[in-house]
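Asker: Assemble the whole structure, with the sequences as input and the hints as a guide.
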Amino acid sequence: MSIIVFAENIDGNFKKATHEAVSYAAEIAKKNNDTCVAISIGNVNDEKLAELAKFGADKIFNVKNDKLNSFVAEAYSKAISQIAASENASVIVVSNTYTGKAIAPRIAAKLKAGIVSGVISFPDTTSGFKVRKTVFSGKAFADVEVKTAVKVLAITPNTFALNENNKAVSITQNDGGLSDTDFITTPIEVTRATGKIVLTEADVVISGGRGLKGPENWHLIENLADTLGAATACSKPVSDMGWRPHSEHVGQTGITIKANLYFAIGISGAIQHLAGVSSSKVMVVINKDPEAPFFKAADYGIVGDAFEVMPKIIEAAKKLKAQHA
Amino acid sequence: MKILVCISNVPDTTTKITFTGDNTKFNTAGVQFIINPYDELALTRALELTEKLTGTVTVINVGLADAEASIRKALAIGATDAVRVNAEPTDAYFVAEQIAAYAKNENYDLILTGRESIDYNGGQVCGLLAEMLGLPSVNAINSLEIENGVATMTRDIDGGREKLSCKLPFVASALQELAEARIPNMRGIMSARTKPLKVVEATGNDFTSATVSFELPAAKGSCKMIAPENAEQLIELLHTEAKVI
Chain A
1 MSIIVFAENI DGNFKKATHE AVSYAAEIAK KNNDTCVAIS IGNVNDEKLA
51 ELAKFGADKI FNVKNDKLNS FVAEAYSKAI SQIAASENAS VIVVSNTYTG
101 KAIAPRIAAK LKAGIVSGVI SFPDTTSGFK VRKTVFSGKA FADVEVKTAV
151 KVLAITPNTF ALNENNKAVS ITQNDGGLSD TDFITTPIEV TRATGKIVLT
201 EADVVISGGR GLKGPENWHL IENLADTLGA ATACSKPVSD MGWRPHSEHV
251 GQTGITIKAN LYFAIGISGA IQHLAGVSSS KVMVVINKDP EAPFFKAADY
301 GIVGDAFEVM PKIIEAAKKL KAQHA
Chain B
1 MKILVCISNV PDTTTKITFT GDNTKFNTAG VQFIINPYDE LALTRALELT
51 EKLTGTVTVI NVGLADAEAS IRKALAIGAT DAVRVNAEPT DAYFVAEQIA
101 AYAKNENYDL ILTGRESIDY NGGQVCGLLA EMLGLPSVNA INSLEIENGV
151 ATMTRDIDGG REKLSCKLPF VASALQELAE ARIPNMRGIM SARTKPLKVV
201 EATGNDFTSA TVSFELPAAK GSCKMIAPEN AEQLIELLHT EAKVI
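Here the protein sequences come in this chain order: A and B.
Following my numbering, the numbering of the first sequence begins with 1 at its first residue and continues without gaps.
Following my numbering, the numbering of the second sequence begins with 1 at its first residue and continues without gaps.
Just so you know, the hints here were simulated from the structure itself, not pulled from any lab data.
A couple of the hints might just be wrong.
Said to hold, decoys possible - Computed list of lysine to aspartate or glutamate pairs in EDC-like fashion (alpha-carbon distance at most 20 Å, straight line):
#1 A:K213 with A:D124
#2 A:K318 with B:E232
#3 B:K163 with B:E177
#4 B:K167 with A:D182
#5 A:K196 with B:D158
#6 B:K243 with A:D203
#7 A:K147 with B:D206
#8 A:K15 with B:D156
#9 A:K318 with B:E236
#10 A:K16 with B:E180
#11 B:K25 with A:D143
#12 A:K319 with B:E232
#13 A:K147 with B:E88
#14 B:K243 with B:E232
#15 B:K224 with A:D289
#16 B:K163 with A:D182
#17 A:K288 with A:E308
#18 A:K312 with A:E291
#19 B:K243 with A:E315
#20 B:K16 with A:E291
#21 B:K167 with A:E308
#22 B:K25 with A:E145
#23 A:K318 with A:D289
#24 A:K54 with A:E27
#25 A:K288 with B:D158
#26 B:K163 with A:D66
#27 B:K52 with B:E180
#28 B:K163 with A:D11
#29 A:K312 with A:E222
#30 A:K319 with B:E229
#31 A:K281 with B:E236
#32 B:K243 with A:D226
#33 B:K198 with B:E88
#34 A:K281 with B:E215
#35 A:K312 with B:D158
#36 B:K224 with A:E291
In this text the structure is predicted, and so the values were computed from the model without any measurement.
Answerer: Shown next as structure tokens:
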């Protein structure tokens, strides 16, 4: 039997979320004496592929085909499902990124596999096969039993530790075994912000709310984010008013994040907002209203005017970074 | 154009989540249910498209009779007709199978879902349904235009955006920016009462997963307060005590 992991790359590089997924799959494989099989799709060089062995892959499929250089959900899912079937897979692991979310359900339907998304635990196999996931956008957890022989798990990024465990690895070249009918969607153009830290992958997130009074004051958020190497985010009212793009909106109807450190500046902490951020390890709130509900959820708080407090914090952060540069 | 929009009936976003039956069941007492917000935006975009290109918008829900208030709201917003598959929506796999069974003989040009439901956060129905129907799928779209049977879309990807096209039919899931929600007007509400709502029985019994129990997150300890005049101490604490920067 084998544990399959999809090793997602962005422009030929594996991100931390991919390393986490490989570590996770390798851990399950080790426990069951199974083989950990990583599948990379698209153009990734051999040196990068070898990274997957570092995190525990025993076997790597390097799926290459000119048409696979851009992401097409139906083609990627088919290529992975075919390898999973030929490798006798019991579990297929993907990271719950936009790409992972696009392919995991298709793979599940192809293999008639039960699927759990947003997984935050290793499988508990003491009786049956159970995993824990977040539900109600972080307001609660659910333990889900998967009853099928093959299982698909989409694991939450920033949840599992990296496990370095250099192994000898074999790389198998594969063309995906696809036909033209697997490429009905046609990618036209990909634009990625350069030099910006991606919100869902960020260790530190600096977020602003209505308390900042207007988009012209966002330099306070950006300045602290730049200093700490953090991503920027905002509350729902801020994106609804068009001060910031919707892609920065964190909360129950926006992006759910799981950062090491979340900074909420001028955000009162409505239940919908807390739902999307409270999986973060440490939360800081700065708000001039001492009754703001966020103070009940946060680890550190300052009751004060953001316009007076933030410059001091930015200066202190710069000093700290200079000392540890 | 014949469009199908899949809607889920979910607890309102302000709901305080509690459980009953030794943490095995979500406590629905006093909870207000709504159309899943992303599904409502998918519906709105579908209506905008059929207003421009002519056509019909059917909404489908897999749920028990208590979901009918949300279904009627979808009709009030402007859906042409509705289908309810009479079954408890146990997991996304089951829900997708029910919708696939209904949709396979209906020749929809486009099927839309929300990005995810705000209760179970799976985001699986779009991909499952597409695979079951043998159609392409595009998840997380924030724009959608259709011309001469071909859709042009943008979708969110990790760290950016992708522009892509796909010929009809296919399945797509909606993000927040796809449309502005519409408030139903009085005429819509009145006409929703008489619009067709068909109830069909569920097929198959492929239960691939089951939620065994729930748990609420542990309560946070108290918040350590720092005086605003000593704001710089915060950075020191985050570095030496919390060790997160």
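Asker: Quick one: which hint numbers does this structure break? Sort them smallest to largest.
Answerer: Failing hints, ascending: 1, 10, 18, 21, 23, 25, 35.
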